[in-house]
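Each residue of the sequence shown is one higher than the last, beginning at 209 in the numbering used here.
FYI, nobody ran anything at the bench for these hints, they're computed from the structure. Each residue gets a CB set at the ideal place from its N, CA and C atoms; glycine is no exception. It is possible that part of the hints are untrue.
Straight-line alpha carbon distances no greater than 25 Å define the calculated DSS-like cross-link-like pairs of lysine-lysine that follow [what the hints assert, rightly or not]: (1) Lys-325 - Lys-253; (2) Lys-231 - Lys-313; (3) Lys-283 - Lys-253; (4) Lys-283 - Lys-325; (5) Lys-231 - Lys-253; (6) Lys-313 - Lys-283; (7) Lys-253 - Lys-313.
Ranges between beta-carbon positions, derived for each pair [what the hints assert, rightly or not]: (8) Lys-253 - Lys-283: 17 to 23 Å; (9) Ser-243 - Lys-313: 19 to 25 Å; (10) Phe-233 - Gln-285: 16 to 22 Å; (11) Asp-303 - Phe-282: 31 to 37 Å; (12) Gly-326 - Gln-286: 27 to 33 Å; (13) Asn-287 - Ser-318: 35 to 41 Å; (14) Phe-282 - Thr-332: 17 to 23 Å; (15) His-319 - Gly-262: 27 to 33 Å; (16) Gln-311 - Thr-280: 15 to 21 Å; (17) Lys-283 - Gly-246: 19 to 25 Å; (18) Phe-301 - Asp-227: 33 to 39 Å.
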Amino acid sequence: MASTRPLLLLVLCSLALADAHFKVFNLRGSSLSSSILGHADAYVKVFCGSATLGETSVRNNNPNPWWEEEFTHFKAQQNDVLRLEVHDSDFGFDDFLGVCQRQIKLGTNSHDCFLEKGGTLHYTYTLG
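Could you build the full structure based on these sequences and the hints that come with them?
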């Protein structure tokens with residue numbers, strides 16, 4: 209009689225790969241565009257697939273901000289789209305500085321993204 213263990217292991221492994229732990233961290237900006245009033249008061253909104261993961265704190269009057277927040281998602285899948293929107297916090301209406309979008313891949317990956325209004329967003333993510 210054949211053992212069903214190999215089949216059971218195959219099924220369990222495929223279920224484990226369907227949804228994976230995803231983390232975005234090490235978010236930092238460099239040379240972010242300035243407004244008339246000074247440097248940007250920047251923050252980042254984080255999305256993965258259709259999920260909103262949150263947003264960072266505002267770093268006031270800093271062209272080279274570093275955010276300590278980490279964002280996790282437990283139902284991420286390879287090839288989901290990671291979207292990072294960078295904004296300048298202002299009274300009344302926040303200015304949009306740019307967006308970074310990328311399909312996520314397994315492993316730990318670091319990227320630089322050039323923003324439409326000037327400056328660069330650097331970030332790292334891990335999927336596994």
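Tested hints:
no.: 1; hint: Lys-325 - Lys-253; result: holds, 16 Å
no.: 2; hint: Lys-231 - Lys-313; result: holds, 12 Å
no.: 3; hint: Lys-283 - Lys-253; result: holds, 18 Å
no.: 4; hint: Lys-283 - Lys-325; result: violated, 32 Å
no.: 5; hint: Lys-231 - Lys-253; result: holds, 14 Å
no.: 6; hint: Lys-313 - Lys-283; result: holds, 14 Å
no.: 7; hint: Lys-253 - Lys-313; result: holds, 20 Å
no.: 8; hint: Lys-253 - Lys-283: 17 to 23 Å; result: holds, 19 Å
no.: 9; hint: Ser-243 - Lys-313: 19 to 25 Å; result: violated, 35 Å
no.: 10; hint: Phe-233 - Gln-285: 16 to 22 Å; result: holds, 19 Å
no.: 11; hint: Asp-303 - Phe-282: 31 to 37 Å; result: holds, 33 Å
no.: 12; hint: Gly-326 - Gln-286: 27 to 33 Å; result: holds, 32 Å
no.: 13; hint: Asn-287 - Ser-318: 35 to 41 Å; result: violated, 19 Å
no.: 14; hint: Phe-282 - Thr-332: 17 to 23 Å; result: holds, 18 Å
no.: 15; hint: His-319 - Gly-262: 27 to 33 Å; result: violated, 19 Å
no.: 16; hint: Gln-311 - Thr-280: 15 to 21 Å; result: holds, 18 Å
no.: 17; hint: Lys-283 - Gly-246: 19 to 25 Å; result: violated, 40 Å
no.: 18; hint: Phe-301 - Asp-227: 33 to 39 Å; result: holds, 37 Å
This entry does not satisfy hints 4, 9, 13, 15 and 17, going by the numbered hints stated previously.
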